[in-house]
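Visitor: If you want the building blocks of each chain, they are given just below.
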Amino acid sequence: DAKTTQPTSMDCAEGRAANLPCNHSTISGNEYVYWYRQIHSQGPQYIIHGLKNNETNEMASLIITEDRKSSTLILPHATLRDTAVYYCIVLNAGNMLTFGGGTRLMVKP
Amino acid sequence: KAGVTQTPRYLIKTRGQQVTLSCSPISGHRSVSWYQQTPGQGLQFLFEYFSETQRNKGNFPGRFSGRQFSNSRSEMNVSTLELGDSALYLCASSWGHRGQGETQYFGPGTRLLVL
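Those protein sequence lines, which keep their order, are chains A and B. Residue numbering for the first sequence is 1275 to 1383, as defined by this note's numbering. Residue numbering for the second sequence is 1183 to 1297, as defined by this note's numbering.
Treat the hints as calculated values from the structure; they're not laboratory data. Since this is a predicted model, take the numbers as computed values, not measurements. Some hints here could point you the wrong way.
[To be verified] Here are the simulated distance ranges between beta carbons:
1. A:R1355 - B:R1293: 17 to 23 Å
2. A:N1327 - B:S1252: 37 to 43 Å
3. B:E1234 - A:G1289: 33 to 39 Å
4. A:G1368 - B:S1209: 39 to 45 Å
5. A:Q1316 - B:L1297: 22 to 28 Å
6. A:R1355 - B:G1266: 43 to 49 Å
7. A:R1355 - B:R1191: 18 to 24 Å
8. A:T1300 - B:Q1223: 20 to 26 Å
9. B:Q1199 - A:P1281: 39 to 45 Å
10. A:N1327 - B:R1197: 48 to 54 Å
11. A:T1330 - B:T1262: 46 to 52 Å
12. B:T1262 - A:G1303: 41 to 47 Å
[Unchecked claim] Computed list of lysine to aspartate or glutamate pairs in DMTMM-like fashion (alpha-carbon distance at most 25 Å, straight line):
13. A:K1326 - A:D1341
14. A:K1326 - A:E1305
15. A:K1343 - B:E1264
16. A:K1382 - A:E1305
17. B:K1195 - B:E1284
18. B:K1195 - B:E1257
19. A:K1343 - A:E1305
20. A:K1326 - B:E1284
21. B:K1239 - A:E1305
22. A:K1277 - B:E1284
23. B:K1239 - B:D1267
24. A:K1277 - A:E1329
For each residue, glycine too, the CB sits at the ideal point set by N, CA and C.
Produce the complete structure using the sequences and hints provided.
Guide: Below, the structure written as C-alpha cells:
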C-alpha cells in the first residue's frame, strides 16, 4: 500500500471548516483513499473514501487532486465532538487496514 | 441499522488466564476482522473470517484464535495471557471479504488489561 503523510496536529475553531490534508504521492491506480477517525479509546469510525472523484456524504467531503497524489478531508462545520485523531489510508482490495500516525484535530470553542 | 457490537467492553485478567471476546457484525455483513491496537504498535491485523472460514491471518502466535458462527457473529480467544496482550481489541465488519475491497466498520472495542 502507498504510504501517507499527514500533519501531526491541527486546530480548528468550532463552527468553521476543518481541512485535513494528506499526501500519498506513491498511490497506484487501483488504490482508494480512505478516511477514518478515532476518538480517544473508542473504535475507529469510517468517514469517507474515494478513488478519483471528489466525494461527499453526511459527515464530510473528500477532495482528491487530479494527479491523485494528495487529498483533503473537509468537515464543513466542525464541532467539539469532531475532536479526534484522523487517519488517511491508501488501500487496495485485499490489503489489510493499517493506521499511521494520523492528524490529531483539536476543535476549540 | 445497528452498528458493530463487542462484548465485554472492559476486561481485567491475570497472566496465564484465557479470555474470549465476542463481536456481532452489522446485520447482513458476512466478514469479520479482528485487530489489536496498542500505543506502541498501532493497529495490527489478527485475522479475518468470512462465511465461517478464516481467510487471512496476521502475524500473531497460536495463542490467538478465533471462529465465526453461521449468523456471522465471531469470537476471538486468547489463551495463556501475557502482560503484552493488554490492548484494545477491535472487531470490524464488512459485507464482503477483504479481497472484495469492502469498507470495514469498527465496533467500540474491548479494552483488555492483563495484570
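Visitor: Next, verify each hint and record whether it holds.
Guide: Here is what the structure says about each hint:
1. A:R1355 - B:R1293: 17 to 23 Å: The hinted range 17 to 23 Å holds for A:R1355 and B:R1293, with Cβ atoms some 21 Å apart.
2. A:N1327 - B:S1252: 37 to 43 Å: 38 Å, holds
3. B:E1234 - A:G1289: 33 to 39 Å: Because 48 Å falls outside the window, the suggested range is violated.
4. A:G1368 - B:S1209: 39 to 45 Å: About 25 Å separates the Cβ atoms of A:G1368 and B:S1209, which means 39 to 45 Å is violated.
5. A:Q1316 - B:L1297: 22 to 28 Å: 23 Å, holds
6. A:R1355 - B:G1266: 43 to 49 Å: Distance hint for A:R1355, B:G1266 is violated at roughly 33 Å.
7. A:R1355 - B:R1191: 18 to 24 Å: 20 Å, holds
8. A:T1300 - B:Q1223: 20 to 26 Å: Hint holds: Cβ distance 23 Å, inside 20 to 26 Å.
9. B:Q1199 - A:P1281: 39 to 45 Å: 42 Å, holds
10. A:N1327 - B:R1197: 48 to 54 Å: For A:N1327 and B:R1197 the Cβ distance comes to about 51 Å; the hint holds.
11. A:T1330 - B:T1262: 46 to 52 Å: Roughly 48 Å apart at Cβ, these two residues keep to the hinted range, so it holds.
12. B:T1262 - A:G1303: 41 to 47 Å: Since the Cβ atoms of B:T1262 and A:G1303 sit about 45 Å apart, the hinted range of 41 to 47 Å holds.
13. A:K1326 - A:D1341: 9 Å, holds
14. A:K1326 - A:E1305: 10 Å, holds
15. A:K1343 - B:E1264: Since the Cα atoms of A:K1343 and B:E1264 sit roughly 42 Å apart, the hinted pair is violated (cutoff 25 Å).
16. A:K1382 - A:E1305: 34 Å, violated
17. B:K1195 - B:E1284: 34 Å, violated
18. B:K1195 - B:E1257: Measuring from Cα to Cα gives roughly 17 Å; hence the hint holds.
19. A:K1343 - A:E1305: 11 Å, holds
20. A:K1326 - B:E1284: 17 Å, holds
21. B:K1239 - A:E1305: 22 Å, holds
22. A:K1277 - B:E1284: Holds, at roughly 20 Å.
23. B:K1239 - B:D1267: 17 Å, holds
24. A:K1277 - A:E1329: 21 Å, holds
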